[in-house]
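Trainee: Spelled out, the chains give:
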Amino acid sequence: MGDRPKTGGERRSRRERLLHRAFVVPALLLVAFAAILPLGLLVVRSLLDQQTGAPTLGYYAQSLASAFFLRTLATTVLMALGVTAACVLLALPMAYVLARRTVLRMVVVPIVSIPRMLPFVVVGYAIVLLLAPYTGVANKVLVGAGILSEPAFILFDWPGQALAFGYSGLVVAIAVLTGVLMAVDPQLEDAAVSLGAGRLAAVLTVTVPLGIPGIVAASALIFSTIVTAYSIPVMLNSRTPYMVSVLIYNNLYSLQERHLAYAQAVIVTVLSIGVTASAQLFLGRFGRRG
Amino acid sequence: MTGRILLASYVALMLAILAFPIGLVVIASFQGGLEASFGNGQWSLDAYRAIPRQYWLSLRFTVETAFLSTAFALVVAVAAAWGLVRGRLRERRLVSALVLVPDAVPSVTLGIGLLVLFIPLGLANSFAGTVAALAVLGLSMGLRFAEALMEAIPEELEQAAVTMGASRLTAFLTVTLPLMAPGLAIAALFIFVHNLVTFELLLFISGPHAMPISVRLFSDIVDRGVLPQAIAMSAILVYVAIAFYTLIVMTLGVRRLAASPLSRKG
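Going line by line, the protein sequences match chains D and Z. Read in our numbering, the first sequence has 236 at position 236, and its numbers run on one by one without any break. Read in our numbering, the second sequence has 346 at position 56, and its numbers run on one by one without any break.
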């Protein structure tokens, strides 16, 4: 303790420090046991041959040389990029309205918050109820109204998966961006308006640029979630588009290529963390300049 | 004027999009559970009656593991926060970063890693293994809460109690902890809700003896397609979410919730 006189307190402060350290130990043990150890094991196994146990980089080389793996990875990244961009663009105006209109917020927040408290599987069931070819609400309404002559089979294809990911991304984007824009001082925007800018121009040139760090953070979160998502691709067909987590799962269970699956999981993790880290790096630069 | 109309229709469209899963699942659950229709549907409780015993067992398993892991994570987090904040330990940044690892790594990867570790230990497909997996994720959320809360409480209060003859433990339990309690309650609610909906982390270590409701509903739709009872159970999860939402609003207020860090990985 800083304010205690040093004389005679040397031994005691040492004991103090030990006591404080002792209280941190359970947390460290838990993290070591349930996060560091499993991840370490995963990395080590991915570097060992599954049959002989000899150290090898073969699984990484095999993955990175495999056109199929790379194509799957590219599909996944493309899907994640597209959905993330669409979500952020769609969510921004809503987040702005929520951040500025208190009355609306009282009504809307439950509708934004409750989906976040549902297991994603429930949302998957809802997507099926909405888009299923013959029984889905959307097809029944559109065919009934004569807009479509026959049901659209989009549920088990690109659009179905993109819509499902888009829904989850939209929920996250609106929540995060609302917080970001609430933190931007409305007076700055008002100042721009009083100086003659239109409201829309003020929002686009003052508020949104100030919110960019939050926008980047939200995008990184949505992107990395989609890249490693497993439930939606499998619930909706799992073949088109073929996502990388499905490929890993199939290697793990169906093909019994466990060590190959470990290596691929490491590759995807590095990709996902890399995106988040470069977003943070970008933010660091951005913050220093601003 | 047109701008206002455009904005209003955009907001209405977004609300319809956001609310559709809740609406469709609830409507379908009262119409036999296979499809939702507006207006002319036959209303019944058949789907709810068809919910098999395994679903209820899975729900109970989910609630029990979520509750235990939340309590465990918070106790560990508060202890660590006390050591880190009050001890002004040099390694504080390192510890905080380590604790965030489970949050930073994709759930699928951590799930596979846990499977690799748990199979030889006999913890895969077990209650204890599920609790450990949820607790480590809860800890990364809980420690952030606990550190911030602990920092907001002046150390002098604790020291005054010790000067007057209380033991360190008594001082902490009767002075600091009650001051942290409201914030900790909020943290507990967030972690608990998060634990209820966790899927990808638990998928790999789940099995017949450890089957959270999210994994149960997932494997049913994959193996057997949409079942009425699964829709009914989904609707029950919607009701649970609404109940928790109400609880959180009552303790926290709407303003904070709009911007809360309650993330979801799906």
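Just so you know, these hints were derived from the structure itself, not from any lab. Please note that the accuracy of each hint is not assured.
To be verified - Partial chain D-side listing against chain Z, Cβ under 8 Å, derived: (1) F33; (2) L39; (3) L42; (4) F69; (5) L70; (6) T72; (7) S113; (8) P119; (9) V128; (10) S231; (11) L252; (12) V275.
Claimed, not checked - What follows is a list of derived Cβ distance ranges for each label pair: (13) Z:I295 x D:A86: 38 to 48 Å; (14) Z:V452 x D:A201: 58 to 68 Å; (15) Z:L459 x D:V44: 36 to 46 Å; (16) Z:L459 x D:P159: 55 to 65 Å; (17) Z:A298 x D:A22: 55 to 65 Å; (18) D:A197 x Z:M291: 17 to 27 Å; (19) D:R71 x Z:A471: 45 to 55 Å; (20) D:Y134 x Z:P342: 45 to 55 Å; (21) Z:G412 x D:P209: 50 to 60 Å; (22) D:P55 x Z:V391: 55 to 65 Å; (23) D:L64 x Z:P472: 45 to 55 Å; (24) Z:R380 x D:V103: 47 to 57 Å.
What the hints assert, rightly or not - Covered, in the sense of this in silico footprint (three residues per stretch, anywhere, with C-beta under 8 Å from a C-beta of chain Z), are these stretches of chain D: (25) 150–157; (26) 166–173.
Where a beta carbon is used, it is the ideal one built from N, C-alpha and C, also for glycine.
Trainee: So, for every hint listed, does it hold in this structure?
Mentor: Against the structure, the hints:
Because the beta carbon of F33 of chain D sits about 7 Å from the nearest beta carbon in chain Z, less than 8 Å, this interface hint is met. Hint status for L39 of chain D: holds, given a least beta-carbon distance of 5 Å to chain Z, under 8 Å. At about 4 Å, the closest approach between the beta carbon of L42 of chain D and any beta carbon in chain Z falls short of 8 Å, and the interface hint on this residue holds. Using the Cβ-Cβ criterion of 8 Å, the hint placing F69 of chain D at the interface with chain Z is not satisfied: the shortest such distance is roughly 16 Å.
Because the smallest distance between the Cβ of L70 of chain D and any Cβ of chain Z comes to about 19 Å, over 8 Å, the interface hint for this residue is violated. The interface hint given for T72 of chain D is broken, as the beta carbon of that residue sits about 14 Å from the closest beta carbon of chain Z, more than 8 Å. The interface hint given for S113 of chain D holds, since its Cβ lies 6 Å from the closest Cβ of chain Z, which is under the 8 Å cut-off. Of the supplied interface hints, the one on P119 of chain D holds, with its beta-carbon coming within about 4 Å of a beta-carbon of chain Z, less than 8 Å.
This hint holds: V128 of chain D has a C-beta 6 Å from the nearest C-beta of chain Z, less than the 8 Å allowed. Evaluation of the S231 of chain D hint against chain Z yields a held restraint, the C-beta minimum of about 6 Å falling below 8 Å. Interface hint at L252 of chain D: satisfied, since its Cβ lies 7 Å from the closest Cβ of chain Z, which is below the 8 Å cut-off. Nearest Cβ of chain Z to the Cβ of V275 of chain D: about 11 Å, over the 8 Å cut. The hint is violated.
Our hint of 38 to 48 Å for I295 of chain Z and A86 of chain D is violated, since their Cβ atoms are close to 23 Å apart. The hinted range of 58 to 68 Å is satisfied by V452 of chain Z and A201 of chain D, whose Cβ atoms lie roughly 59 Å apart. A hinted range of 36 to 46 Å for the beta carbons of L459 of chain Z and V44 of chain D is consistent with their spacing of about 41 Å. Between L459 of chain Z and P159 of chain D the CB atoms are about 60 Å apart, so this pair conforms to the stated range of 55 to 65 Å.
In this structure, A298 of chain Z and A22 of chain D meet the distance hint of 55 to 65 Å, their C-beta atoms being roughly 59 Å apart. For A197 of chain D and M291 of chain Z, the hinted distance range of 17 to 27 Å is satisfied, since their beta carbons lie about 20 Å from each other. Between R71 of chain D and A471 of chain Z the CB atoms are about 54 Å apart, so this pair conforms to the stated range of 45 to 55 Å. Checked against the hint of 45 to 55 Å, the pair Y134 of chain D and P342 of chain Z fails, with Cβ atoms roughly 26 Å apart.
Taking 50 to 60 Å as the suggested C-beta distance range, the pair G412 of chain Z and P209 of chain D conforms, at roughly 55 Å. Taking 55 to 65 Å as the suggested C-beta distance range, the pair P55 of chain D and V391 of chain Z does not conform, at roughly 25 Å. Against the hinted window of 45 to 55 Å, the Cβ-Cβ separation of L64 of chain D and P472 of chain Z comes to about 51 Å, which satisfies the hint. Take R380 of chain Z and V103 of chain D: their Cβ atoms lie about 49 Å apart, and the range 47 to 57 Å holds.
Check result for the region 150–157 of chain D against chain Z: violated, 0 residues qualifying (beta carbon to beta carbon below 8 Å, three or more required). By the rule of at least three residues with a Cβ nearer than 8 Å to a Cβ of chain Z, the coverage given for the region 166–173 of chain D holds, with 5 such residues.
When held up to the earlier numbered hints, the structure conflicts with 4, 5, 6, 12, 13, 20, 22 and 25 and fits the remainder.
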